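2 protein chains.
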Amino acid sequence: MSNKLNTPKGTRDHLPVDVRKREYIFKAIAKAFQSYGYQPIETPSFELSSTLMGKYGDEGDRLIFRILNSGEKVKKADVQALQNDELAKFANSISEKALRYDLTVPFARFVVQHQNDLCFPFKRYQIQPVWRADRPQHGRYQEFYQCDGDVVGSDSLRNEVELIRIIKQVLSGLNLPGFTIKLNNRKVLSGIAEVCGVEQELIALTVALDKLDKIGKEGVVDELVSKGFSQEVLDKIDPLFGLEGSFETRLEKLKVFLRGSEIGLKGLEELSFVHSKLQDFDANHELLELDVTLARGLNYYTGIIIEVKAHEVEMGSICGGGRYDDLTGLFGLKGLSGVGISFGADRIYDVLNSLNLFPASLSEGPEVLFLNFSESTADQCDVWANVLRSRDHIVEVYPSASKLQKQMKYANDRGAKWVVFYGDEEAAKQQVVLKNMSDGTQTSYSAGSWINEWLG
Amino acid sequence: MSNKLNTPKGTRDHLPVDVRKREYIFKAIAKAFQSYGYQPIETPSFELSSTLMGKYGDEGDRLIFRILNSGEKVKKADVQALQNDELAKFANSISEKALRYDLTVPFARFVVQHQNDLCFPFKRYQIQPVWRADRPQHGRYQEFYQCDGDVVGSDSLRNEVELIRIIKQVLSGLNLPGFTIKLNNRKVLSGIAEVCGVEQELIALTVALDKLDKIGKEGVVDELVSKGFSQEVLDKIDPLFGLEGSFETRLEKLKVFLRGSEIGLKGLEELSFVHSKLQDFDANHELLELDVTLARGLNYYTGIIIEVKAHEVEMGSICGGGRYDDLTGLFGLKGLSGVGISFGADRIYDVLNSLNLFPASLSEGPEVLFLNFSESTADQCDVWANVLRSRDHIVEVYPSASKLQKQMKYANDRGAKWVVFYGDEEAAKQQVVLKNMSDGTQTSYSAGSWINEWLG
Chain A
575 MSNKLNTPKG TRDHLPVDVR KREYIFKAIA KAFQSYGYQP IETPSFELSS
625 TLMGKYGDEG DRLIFRILNS GEKVKKADVQ ALQNDELAKF ANSISEKALR
675 YDLTVPFARF VVQHQNDLCF PFKRYQIQPV WRADRPQHGR YQEFYQCDGD
725 VVGSDSLRNE VELIRIIKQV LSGLNLPGFT IKLNNRKVLS GIAEVCGVEQ
775 ELIALTVALD KLDKIGKEGV VDELVSKGFS QEVLDKIDPL FGLEGSFETR
825 LEKLKVFLRG SEIGLKGLEE LSFVHSKLQD FDANHELLEL DVTLARGLNY
875 YTGIIIEVKA HEVEMGSICG GGRYDDLTGL FGLKGLSGVG ISFGADRIYD
925 VLNSLNLFPA SLSEGPEVLF LNFSESTADQ CDVWANVLRS RDHIVEVYPS
975 ASKLQKQMKY ANDRGAKWVV FYGDEEAAKQ QVVLKNMSDG TQTSYSAGSW
1025 INEWLG
Chain B
575 MSNKLNTPKG TRDHLPVDVR KREYIFKAIA KAFQSYGYQP IETPSFELSS
625 TLMGKYGDEG DRLIFRILNS GEKVKKADVQ ALQNDELAKF ANSISEKALR
675 YDLTVPFARF VVQHQNDLCF PFKRYQIQPV WRADRPQHGR YQEFYQCDGD
725 VVGSDSLRNE VELIRIIKQV LSGLNLPGFT IKLNNRKVLS GIAEVCGVEQ
775 ELIALTVALD KLDKIGKEGV VDELVSKGFS QEVLDKIDPL FGLEGSFETR
825 LEKLKVFLRG SEIGLKGLEE LSFVHSKLQD FDANHELLEL DVTLARGLNY
875 YTGIIIEVKA HEVEMGSICG GGRYDDLTGL FGLKGLSGVG ISFGADRIYD
925 VLNSLNLFPA SLSEGPEVLF LNFSESTADQ CDVWANVLRS RDHIVEVYPS
975 ASKLQKQMKY ANDRGAKWVV FYGDEEAAKQ QVVLKNMSDG TQTSYSAGSW
1025 INEWLG
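Protein chains in written order, with my numbering: chain A, 575 to 1030; chain B, 575 to 1030.
Take the hints with a grain of salt, since some may be wrong.
The list treats identical chains as one, so a pair stands whether inside a single copy or across any two.
To be verified - Mimicking DSSO-like on lysine-lysine, the simulated pairs with C-alpha atoms at most 30 Å apart in a straight line are:
| no. | residue 1 | residue 2 |
| --- | --- | --- |
| 1 | Lys991 | Lys595 |
| 2 | Lys983 | Lys851 |
| 3 | Lys788 | Lys629 |
| 4 | Lys605 | Lys595 |
| 5 | Lys840 | Lys650 |
For the record, the hints were derived by calculation from the structure and aren't laboratory data. All of these numbers come straight from a predicted model, not from anything done at the bench.
Excised from the complex, chain A in its bound form:
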C-alpha cells in the first residue's frame, strides 16, 4: 500500500531543507517590503465563488478550484444542467466557495470591504499560496506561493520607483549575480496602436508583440499577418523590432515614433520619470531595460508594466507587476489607483538552486548532539543541552541509550556539527569529549566547565 501513497498530482511535500530554503526567500521579500513600510495582510484560502468567478477570463474561471458544498446542500445539484452539458451551471448549484486563484482579486475585495479601517495610501504585502487547476507539468504546480506587494490610493509614480527599488533589494539580498528589470507602459502600447491606426486591435497587436522573446520577429510577423494586420501596419511597426541601445536612446527613438500620439508620449514621460529616479542602479548588475514588446496581463494594467528576468540562467520572469487604475472598481469602489508587483517564489527558488546561491547553513543539522549512554548521564546531558539552548544553540539529546553505531549513524545522517560523548566512563573521570564531525578531531574538557571553555 505504501508505494501507492502520494500527494495529489500537481502538489508536493516540502522536506525540511526545502522548507528552510523557501522561508529564506519569503523572509528576504517580507523584510524588503517591511523596510519601506508595507504591512502584511492575509486573506482566507477560499472566497465566495461570486468574488472570484468572472475576474480572470473564461480560461481563468476553468482553472479555479471549486469547493463542494457540505452535507445536505449538495441535494440542490442541478441535474438538468448536468444533462444539458451546462457544466458551469451544474458546478454553481453544488459549490458556493472556491480556492483563491491569485492574491490580487482577494486584495481588491479586502480593500473595498475594509476601506474604513485602512489608512490610504495603503501599502500591503501578502505571502500566501494560490491554487490553479492547471495541467501539472515540470515546474508548474497546482499549489504555489505568490508574494505580492501593492500600493493603493496613490497615483504618484514614486510608488513605481519604490517597488523597483524593492525588487533590487530583494534580488541583491539573495545574491543574484545579475538581473534585468524590463519596463514598458500600457500607454506606450496604446500609442503604438494609435500611430498604426489599429486602436481597436490593441490586444491582438500586443499579444503578438509580447511573444517576440519566444518566437522571434518572424513569428510575430506571421501571427500579425494571420490576424489580418495589413502590410502598412507591419511596415510601420518594423522599427520597434530593432530598438537597441540604452534606456535613453530607446526613449528618444520612441518619442519620434509616437510623436502623433498624446497618450503614447505621456507613457514615455512616465517611463522617463521612473528611469531618472534610478540613476544609481548599476547597469552591470541590475539593468533597467525599456522593452516596448512587454505586455503581461494587459487586461488590467493601465500604466507602467514591470517584468524581471535573472541573468545567467534560462528561466521565465521571476517578478512582474504594474499599475492598474481601477482594480477595486470590480467591487464597487471606483477611482482608487494602484500599483503592485508579485515575486514568483518558486522560480526564484529554482534560480537560487541552479546557481547554488542558498547559504550552506540552511542544510545544516543540529549544532550539538549529545549521545545517550545511560539514564543518569543523559539527565546531565539534558541539563547542559538546556543551557546551550538558552544561548540560542540548536541541540539534540539522543532519546535512548541505543547502540553507539546507531546513534553515530543518526549524528551523521542529521548532519550534526558536534557530537558530545558523556557516558559512565567520562562521568567517572569528570570529563566530556567533543567530536568535531567535519574533521573527526576529538577534544576533552573538564565536565564542570566545558561549555564556557568550548564556547570560548
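Place chain B on chain A using the hints.
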C-alpha cells in the same frame, strides 16, 4: 454592492496588526521546536480523498471540505446516488481531493511516503492552516492554524519530557503568567476500566470522565448511569473524583487503586518517570498536574496524554497531545511509535490579547516618515530613507506633495514615531526638522549630518 462583500462564513481576513501578532506566536513556537532539533515540513493544502476519508470517524468525514473535480470530470456525477440520498457516494463521484482536516494524518502519510529519505527518530514541526466545515460560531473558524510537533521512531519517554519542556519554553517565552500542564496516560484509563471490570466500556467510561471539568461530578455520574454503568462501578470510581494533592500524592493514591492492573501500574510508572525529569518546574508558574479524567482523542493515544490550560483566563486547552503507537499503521507502516503535541494558535492569540501580553511594538507604524513637499526635496529624502533602511530602520517617504494636513493625518493614522520635515524652506537653510510624534517636540539638525547626529 460593497456592503455585501465578505469572506465566506467561518473565515476572516487578517489585518496588519493581527498578522504580526499571529506571526509572533508562530515564531515563538517554531523557535522552541528548532532549538530542540525539530525540523520544519509542509504538506499540500489538499490531499487525495482516500488519504483523509475514514480517518476521523463519521462526524469528522462530514466536516472535511471536498474539492470539486475540474472540467469534464464532473460529468461522472453519480446522479443515481444523489437520487437515492447516498450523498457521500455522490460526493465521491465528483470529488477526488479534499482540504486537510488536521496535520496529523497528512504527517502520517508523509512519513510513510518519504520513509527512505528520513532519518529516524524523525522530529518535525509543522505550522499550517487546516479546514473544517464546522458550523461557524464565536471563536470557531472553518480555517485555522495548527502548530504541531511530533517525534516518530522512538518509544523513549524522554521525548515526552522534551515536548513538555518545549511547551514550557513557548508559553514562558510568550510571558504567560501561568499555566497548568495536565498529564494522564491511556494505560491508566485502561487500568481503571480493568479494575472496575468494564474493559469493554472503556470509551464510554472515559468520554464521561473527560467531561468532569465541564459538567461536574454529578453530571458525570448521571451520564454513566444513563449509559448503564452499575452502582458497583460508580462506587469503585468514586475516589477518582476526589483525587487531590501533589503529583506524587495522587500517584501514590492511584497505585493503591490500580494495584490489581498491570497495565494501569505501567501507566503510573510512565507518568512518574516523566514527572521525575521535570523537577525544576516551578509549581507557581508551570504546574504539572496528574488528571485521571483527561482523555482527549482517546481513539489513537496509547500512552501519555497531555493538555495545557492557561491561568487567569477562561479558555479551553491551548495545547494538547500524547503518544500514539500506530499512527503510520493507517498507511501500511507498522510498529513506528510516535508522540506529539499541537498548539492552538488561535486560542493562544485570544489568551495573549485578553491579558494584554502582545508587545506594543507589534502595533507600531514606521519609525520614520518623510513628508513630501516637492520633487527635489523628496528626491533628497529618498536618499536619506535608503540610508536608514540599509541600517534596518522602517522608513516611508510620502509618495506625493499633498497638503500638509493630509500628510500629517497619514502620519498619525499610521502611527509613525518620527516625522521628518524637509521642504524648500529647510533646504534653503540646509536644515532638517524632526518631530517626535509621541510628545510633539521638534528638533532641528544640520542637513549634512543629521542621520548620524540623530542616531547618536
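Results of checking the hints against the structure:
no. : hint            : result
1   : Lys991 / Lys595 : within (20 Å within a copy, 34 Å between copies)
2   : Lys983 / Lys851 : between (57 Å within a copy, 27 Å between copies)
3   : Lys788 / Lys629 : within (27 Å within a copy, 49 Å between copies)
4   : Lys605 / Lys595 : both (15 Å within a copy, 16 Å between copies)
5   : Lys840 / Lys650 : neither (54 Å within a copy, 54 Å between copies)
When each numbered hint is compared with the structure, a violation occurs for hint 5 only.
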